[in-house]
Amino acid sequence: MRHATLTVMTTQTTTIYTRRAEFLAGIKDTFPMVIGAIPFGIIFGAVAIAGGLSPAAVMGMSLFVFAGSAQFIGANLFSQGAGIGIIVLTTFVVNLRHALYGASLAPYVKHLSQRWLLPLAFTLTDETYAIVISHYQKHDDSPYKHWYFFGSEVIMYLNWQTCTLIGIIAGQQFSNLANLGLDFAMVVTFIGIVVPLVRNRPMLICAAAAGITSVLANDLPNRLGLMVAALVGIVAGMIAEEILLKQRHNESKETQS
Amino acid sequence: MNEILLILGMMLVTFGVRYPMLAIVGRLQLPSSVIRALGYVPVAVLTAIIVPAVIMPQGDIDIGIDNAYLIAALLALIVSWRTKNLLATIVIGMGGFLLWRTVMGN
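Protein chains in written order, with our numbering: chain A, 1 to 257; chain B, 1001 to 1106.
Since the hints were derived computationally from the structure, they do not count as laboratory data.
No residue lacks a Cβ here, since even glycine has one placed at the ideal position from N, Cα and C.
Incorrect hints may appear among the rest.
Here are the simulated EDC-like cross-link-like pairs (lysine to aspartate or glutamate), alpha carbons at most 20 Å apart as the crow flies [to be verified]: (1) A:Lys28 to A:Asp183; (2) A:Lys138 to A:Glu22; (3) B:Lys1084 to A:Glu127; (4) A:Lys145 to A:Asp29; (5) A:Lys28 to A:Asp126; (6) B:Lys1084 to A:Asp140.
One side only, chain A facing chain B, incomplete, derived with CB under 7 Å [what the hints assert, rightly or not]: (7) Ser79; (8) Val94; (9) Val187; (10) Ala207; (11) Met238; (12) Ala240.
Please work from the sequences and hints to get the whole structure.
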């Protein structure tokens, strides 16, 4: 009798994981990042309108591309008259980091069907990745963690669409937004994203090399200078990392002998 | 038209980066040099956008004290470095920009 009750209790603790609970937890844990994305989304809508895109195109970009930084850069390049090829290529480069996220999440979602994988991949963002990977790495055996993943994406997606719409309306109301300084809003947002990423010396060297090259190469046609500068920055960062590793290696050898 | 092509292109490359790795990988191993290079992408690309926008807002290099873009960017840099808070960086950076522009009278 006692034994039977115990079994029931253990079953109860393992079945506490439900789809609904995971979904709601995903929304709840993503909430701080949703708040952070609000100004970003509104500013995007307004800046993209000021940059000359039609309201339908701005909304379409949020609905179908759904990639904050890439959308900002795309709208910015468009306003400067860059060609579609350059904008698409830049979008690709800016979003390449998602390949890393995908590779890192892949082992946890390999049991899921395409019906799940397609929407999960379509709406993957930096914020959701950060939240979801730590949830997957927790040592519990919930079989519904993809519902957590989904919840995080749903709230990010809905928030982004709402904020884009508000930004579009604001951008149409105040036709001369560039004079209000909204063109600087994108720059300051990027500063807020980049600075925390510069955590070590190779990253700093990468940023310095990319920054200097971007000024020197600014006169290249079609904003090609951006790609050149990004490549120089990436190569500089990797070389710096290599040199630093070698130095550490030599130092540890010297202390050993 | 142009805008539809633009969105379609951006959508295809974005999904083309997000989907294959998530769905296919696990079996496939990327060379470690590619993974390391990817790590530098956001910093390299975003810095290459920020610096010209701040140092040459009108198209020519302008590193004077009357360049509100430059002054406010330095302010935002310090706020972000100290707080690591995106919202604080945006609010203080924008506030600094508007204030400096008014003070400098342009």
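These are the hints, each one checked on the structure:
1. For the given pair, A:Lys28 sits about 32 Å from A:Asp183 by alpha-carbon distance, which is inconsistent with the 20 Å threshold.
2. The hinted pair formed by A:Lys138 and A:Glu22 meets the criterion: a straight-line CA distance of about 13 Å does not exceed 20 Å.
3. In summary, the hint linking B:Lys1084 to A:Glu127 is supported, as the alpha carbons are separated by about 15 Å, within the 20 Å threshold.
4. Distance hint between A:Lys145 and A:Asp29 is fulfilled; the C-alpha atoms sit about 13 Å from each other, no more than 20 Å.
5. Of the supplied pair hints, the one linking A:Lys28 and A:Asp126 holds, its CA atoms being roughly 17 Å apart against a limit of 20 Å.
6. Restraint check for B:Lys1084 and A:Asp140: not satisfied, since their Cα atoms lie roughly 31 Å apart, outside the 20 Å limit.
7. For the restraint placing A:Ser79 at the interface with chain B, the shortest Cβ-Cβ distance is roughly 12 Å, beyond the 7 Å limit, so the hint is violated.
8. For A:Val94, the shortest C-beta to C-beta distance to chain B is roughly 5 Å, which falls under 7 Å, so the interface hint holds.
9. For the restraint placing A:Val187 at the interface with chain B, the shortest Cβ-Cβ distance is roughly 5 Å, inside the 7 Å limit, so the hint holds.
10. At a threshold of 7 Å, the smallest CB-CB gap from A:Ala207 to chain B is about 4 Å, leaving the interface hint in force.
11. The closest approach between the C-beta of A:Met238 and any C-beta of chain B is roughly 6 Å, which is under the 7 Å cut-off, so the hint is satisfied.
12. Against a cut-off of 7 Å between C-beta atoms, the interface hint on A:Ala240 is violated, since the closest Cβ of chain B lies about 10 Å away.
Hints 1, 6, 7, 12 from the list above are not met by this structure, while the remaining hints are.
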